[in-house]
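Residues per chain, in single letters:
Number of protein chains: 2
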Amino acid sequence: MINTQRLSEHIEELSLIGRATDGGINRFSYTDDEKRANELIEQYMKSAGLTVHYDTVGNLIGSQGGTENLPTILLGSHIDTVPSGGRFDGSLGVLVAIEVIHSLKEQGINLRHPVKVIAFKDEEGTRFGFGMIGSRAIAGTLSTIDLQRMDEDGVTIEQAIAMYGFDKKPLSSAKLEDIKLYLEVHIEQGKVLESNGVAVGNVTGIAGPLWLKFQLTGLAEHAGTTPMNQRQDALVGASLIIAEVEKITKQYDSSVATVGKLIVKPNGVNVIPGEVEWTIDIRDIDENQRNQVERDIIQFAETIANERQLQLHVTELQRVDPVHCDINIQNVIKESIQEIDETVISLPSGAGHDAMQFKECFPIGMIFVRSKDGISHNPKEFTSEEDIEKSAKVLFKSLVKLDN
Amino acid sequence: MINTQRLSEHIEELSLIGRATDGGINRFSYTDDEKRANELIEQYMKSAGLTVHYDTVGNLIGSQGGTENLPTILLGSHIDTVPSGGRFDGSLGVLVAIEVIHSLKEQGINLRHPVKVIAFKDEEGTRFGFGMIGSRAIAGTLSTIDLQRMDEDGVTIEQAIAMYGFDKKPLSSAKLEDIKLYLEVHIEQGKVLESNGVAVGNVTGIAGPLWLKFQLTGLAEHAGTTPMNQRQDALVGASLIIAEVEKITKQYDSSVATVGKLIVKPNGVNVIPGEVEWTIDIRDIDENQRNQVERDIIQFAETIANERQLQLHVTELQRVDPVHCDINIQNVIKESIQEIDETVISLPSGAGHDAMQFKECFPIGMIFVRSKDGISHNPKEFTSEEDIEKSAKVLFKSLVKLDN
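The listed protein sequences correspond, in order, to chains A and B. All residue numbers for the first sequence refer to the numbering used here, where the first residue is 1 and numbers rise by one. All residue numbers for the second sequence refer to the numbering used here, where the first residue is 1 and numbers rise by one.
It is possible that part of the hints are untrue.
To be verified - Partial pick of chain B residues on the chain A-facing surface, computed with a CB cut under 10 Å:
| id | residue |
| --- | --- |
| 1 | F130 |
| 2 | G140 |
| 3 | E188 |
| 4 | K191 |
| 5 | V198 |
| 6 | E221 |
| 7 | T226 |
| 8 | L240 |
| 9 | E244 |
| 10 | S255 |
| 11 | P266 |
| 12 | P273 |
Bear in mind the hints are in silico, worked out from the structure with no lab data behind them. Backbone N, C-alpha and C define an ideal beta-carbon position, used for all residues, glycine too.
All chains, please: the whole structure from these sequences, using the hints.
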């Protein structure tokens, strides 16, 4: 069904572009290495029978017509990396999609729907601190103001596009219309599939992050002279709340909540902490559930603050809506997983993906592939050839089913 | 019994030396301001009938003979400050001692024992990061190696002494022999007396600090893609331990334990904390109890680390022995407190004092005076005239009783 050897060769060949001596890959948007990577992808697309072009922001798009006059099916992912990234995050999705189209052609299967395979520009946001540039453009949500964002050298996205040599056209020219659905294969970047012993999984949605900042203020006093029952210790209060964050979140199946950043003031060995500031990152594909976790945490924090005469102040840093995968597409993916004799696992994506940008545009579906030890954004990122083959088969089967 | 007006004038007059515009007092060892302060104390001592001299490290000593050939009673405290310190910490003890001697003289009371009132050199350690220089010298524990410690400008204690102009003699010349006991009045620097509504208190001992460093290592993973039940979150582990530190310590009457300093790594909003490092400051005048608190905390931390697959590493930063106040002196102080119609409260000192240095030398006793809101090391430090008068009366009565 799939030419696994060809796919593996493509993964190896692409991984050489931008690779440092430590194995880490550095491919940032609108750079020479990223251009070379795109040129390599162009060749693979052409071999697969696709017609290639770049849109105004630099998305590389390989197109083929359908046998009927129907909306287009989109496939894709990205080929840019984080600093010292791995060879699978993003790249795998692009290469698997091309391989599926290539195999379909070799097997003489003509799809009813037109298909576009896209290597989206700058998903990671490494260069401009602003990711998913290509998918935003295709969704029609990228603005000319966004293009004024600068990299560390003061170069704007707009200038980078011009230097790269793309035709200057209105941003609206990049928006794709009359799309049936979007399908993406991506490594899981977590350990759910691994711990369940399966190669591929059906993604239920992409959890949007809610970021809150908590400030808890007590009284910074002498650690030696203040008895335990006369303290307003902000760190003990914070500790009770942080321990409860885990407890609360575990009650909700799909939620995750993380206190990742915490600062103590004045932070002296013999001074009772007078103030503690920390962030909470809460994610769930079920927005109501995420809101419930948020409410439970804040309510508990308020109780602790009241009991301990501490002042609590909570501010919102960002609140991104979760995106759901289309139920019909999910069912098709699950059927396809069953057909290759794998147990069906459905899981949310905690990390963001290009597919998020299409929330208001057209239905989306995602297929996750097992990542060794859940490691990503790291040269140690690894997914086996067998698992990659399975993901390609699931994409192949899903595409054919969705085409009918 | 006491000339409170004179005492208040002395407190006011001394507070002007080294005082900044914000009211904070800066008197550091071997500086011009500290020299002027010592010269003022010299005058007060002389008015009180004391013979004045400086020893080789710069302790200012006012002496009077006794009517009998008996060991010497020492009284005193220090007149140096922390940066932007208050007017009572240290200074009060020196001035109250001088006032008591002055009042005794005026009332024609001659003590059987010789008495020395000492303004100890550099209790706070502000300049050299090494305090209690004067009391160490008098205890005979200050070494020539200690004198090589440098201030921020690279000036050693030895050089500072020489610049100050003291006679260069062997350090051993500062050691005092044939001492009956040491008595000190000091502000509480805590809120125990205030919350009990009493002006003065009997000190049971000086709690030595035990400082431990805890390192807890887990796994720094993606906050979005790692389910709650697959995490090795070092901060949740740390939080459970820190909350328990309070719970454990509250079971022991006189113990205090504080997590004052804590650092999270990598400290990113969307990264599960991979490592947390924190300090614990444990104090008790009962060393066995302090050791028990330490054992309980470490045992609990080990349990948490094992349950959560975290690596725990505990190191000792310092372990200072607690010092007990002499039971006979404590009884005399308690009687004296009763005689001025105050409720007797006995309490440990959580902060360090010059008296600690005399642990192996001679019996010690300390009288604490109420501090408003427990504030010290701050221009807001405040003790009322009435409370100061009571502390002087208790010192007066205790001295007379101990002399008999």
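So, going through the hints one by one against the coordinates:
no. : hint : in the structure
1   : F130 : violated (16 Å)
2   : G140 : violated (26 Å)
3   : E188 : holds (7 Å)
4   : K191 : holds (6 Å)
5   : V198 : violated (15 Å)
6   : E221 : holds (6 Å)
7   : T226 : holds (6 Å)
8   : L240 : holds (5 Å)
9   : E244 : holds (9 Å)
10  : S255 : holds (8 Å)
11  : P266 : holds (8 Å)
12  : P273 : holds (6 Å)
The structure shown violates the earlier hints numbered 1, 2, 5.
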